[in-house]
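Protein chains: 2
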Amino acid sequence: MSGEFNLIDKYFSNRQSQRKDVLLSLGDDCALVKPPENVSIAISTDTLVAGTHFLASANPAWVAHKALASNISDLAAMGATPAWVSFALTMPEPDEQWLEPFCQSFFELADYFGIQLIGGDTTKGPLSLTLTVQGFVPEERALKRDGAEIGDWIFVTGELGDSKAGLEVILDPAKRSQPSAVELEKRHYISTPRVLVGQALLGVASAAIDISDGLISDLGHILKRSNVGASIDVSLLPVSDTLRAYLQDSTSAQKYALSSGEEYELCFTVPDQNKGMVESALAHCGAKVTCIGQVRPQGVLELHQQGNPIYWQLAGYDHFKV
Amino acid sequence: MSGEFNLIDKYFSNRQSQRKDVLLSLGDDCALVKPPENVSIAISTDTLVAGTHFLASANPAWVAHKALASNISDLAAMGATPAWVSFALTMPEPDEQWLEPFCQSFFELADYFGIQLIGGDTTKGPLSLTLTVQGFVPEERALKRDGAEIGDWIFVTGELGDSKAGLEVILDPAKRSQPSAVELEKRHYISTPRVLVGQALLGVASAAIDISDGLISDLGHILKRSNVGASIDVSLLPVSDTLRAYLQDSTSAQKYALSSGEEYELCFTVPDQNKGMVESALAHCGAKVTCIGQVRPQGVLELHQQGNPIYWQLAGYDHFKV
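Residue numbers (UniProt numbering), protein chains in the order written: chain A, 1 to 322; chain B, 1 to 322.
Okay, chain A solo, but in the shape it has when bound:
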């Protein structure tokens, strides 16, 4: 890790125990790592920009959690085990009051997932964060987007819609008086990447993706890459009691579940012959999973309510509008 500010030693060095596969971390031109044999390396990069993906005034601990969790979620969606992270931080001036809680939260989550900070950069400029995470996945077994086949069942983890409601609360102070508003705001920033679920789905699921742009949009990526369609029963969509209390309307909650982004839950497809395995495969993960529909021939993405077709116009998920 290098950079223009002398913050590295104080905030980023020696915060974690050394992984055995990290031969050299911060303090040289490059980090040096040595992956185990018989694995592929999964690599993902995401940028979070103040004003676009979080408010500059947001709790720095929550921003750290969101940045790292959203990146680890990409590893989870491939069934990969997190290993290393590189972190590039751009900020206008060194701000220790921001860095202290940020780093506390960052390393807490990193330690939880056994992912080690191996390098990065600190530069002067408008506040933004770019993370590159890497993890291991058994050779040729990664969960990709292109494996869904007609007849496969469609599942999602957790409950959907809270993140979108939380974003509303963040952007509109008037909504803070609504039931559960504070809980939803926190829920927008704090998610738990489904790493254990992704690992357990290796050999079980035919395709997977994490929900960052909204279920309809992200499931759409699986369908497009797999050349298939889908049928979803909106009455099966898992929504939280918190969201129902906030919206006071089941139909709205279902619409939120379809379009809410930055959920970092997984959406995955399972061949019919593996459907019975899902529950037992995920028993140790402590994650709720729900079957919400089935893969259909190409060109069809239909919503229905217990068999009755429905036609909703759903707004896309736009991060923070600035």
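Worth flagging that the hints you see were computed from the coordinates, not collected in a lab. Quick caveat: nothing in here was measured; it's all calculated off a predicted structure. Note that beta-carbon positions come from the ideal geometry of N, C-alpha and C, so glycine has one too. Incorrect hints may appear among the rest.
[As the list claims (entries may be wrong)] Label pairs and their in silico Cβ distance ranges:
id: 1; chain 1: A; residue 1: E279; chain 2: B; residue 2: K20; range: 49 to 55 Å
id: 2; chain 1: B; residue 1: S17; chain 2: A; residue 2: Q298; range: 28 to 34 Å
id: 3; chain 1: B; residue 1: E93; chain 2: A; residue 2: Q298; range: 47 to 53 Å
id: 4; chain 1: B; residue 1: K20; chain 2: A; residue 2: Q104; range: 41 to 47 Å
id: 5; chain 1: B; residue 1: K20; chain 2: A; residue 2: L314; range: 39 to 45 Å
id: 6; chain 1: A; residue 1: T290; chain 2: B; residue 2: P94; range: 32 to 38 Å
Starting from the structure of chain A, add chain B where the hints point.
Frame of chain A, contents of chain B only:
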């Protein structure tokens, strides 16, 4: 590669031939790669921010070159062979007039070094670029900063000082009328990472670093990590005819050579018994190398001119001051 703008397919997909060790590149949650056995992976991340590391009005082709070359230079400094790059681009609005020449230059340099774009992100925000490059280095042979020992000889590649002079020209239009100003401006953005030199130095050099903050500062990193000092003969510093013409003064040119950053030349140390090998080891690289001094006991970093001690106050290298 994912992102908020629909630019990926047009500008970033299918621009390069697929490396055999890349199993999956753009278009899924993660890229999947499979490194060869018996190598370590060298990883480096650098951010370039408009206004700090380049002017927003700069030639986009030059910005692309600088961004990728400066990252590949970190691999060169470890003796690593470039393999993969992840690229996160943040820009205020999709700007195709900027992207077209940027990508042309980016992929030209990437192809030259055989490095494949495997993923990234495009986001909305103030212009900045973060790259994470990865390369291979034979196990336990990487060139690090901590291996210099007393008596080792200190070498640099190429010629030093042009980048600092180029930066002056960029920031002060009045300087454009000086001799070679246009050439120096281009030289600031366009450097050639010393990949072949780094590879040839494996087993020959005891320590290496690339010159990004200025020779004195970067050599200082080697000295600090190796617990040694150094003695430099400033009359040996390699400076270009272009720089001499611009400055019209040899002493100034030497000072520029000591403090000029973003040169992306290598500074390395060589044990006495290997000194005779340097020339033959680098014969195929087409790079000039110059011995400028010797490693001394800790605490000593002295400059001299053919044996006469000199005491210069040298300004640090500050990128663009904004």
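Violating hint indices (sorted, rising): 1, 3
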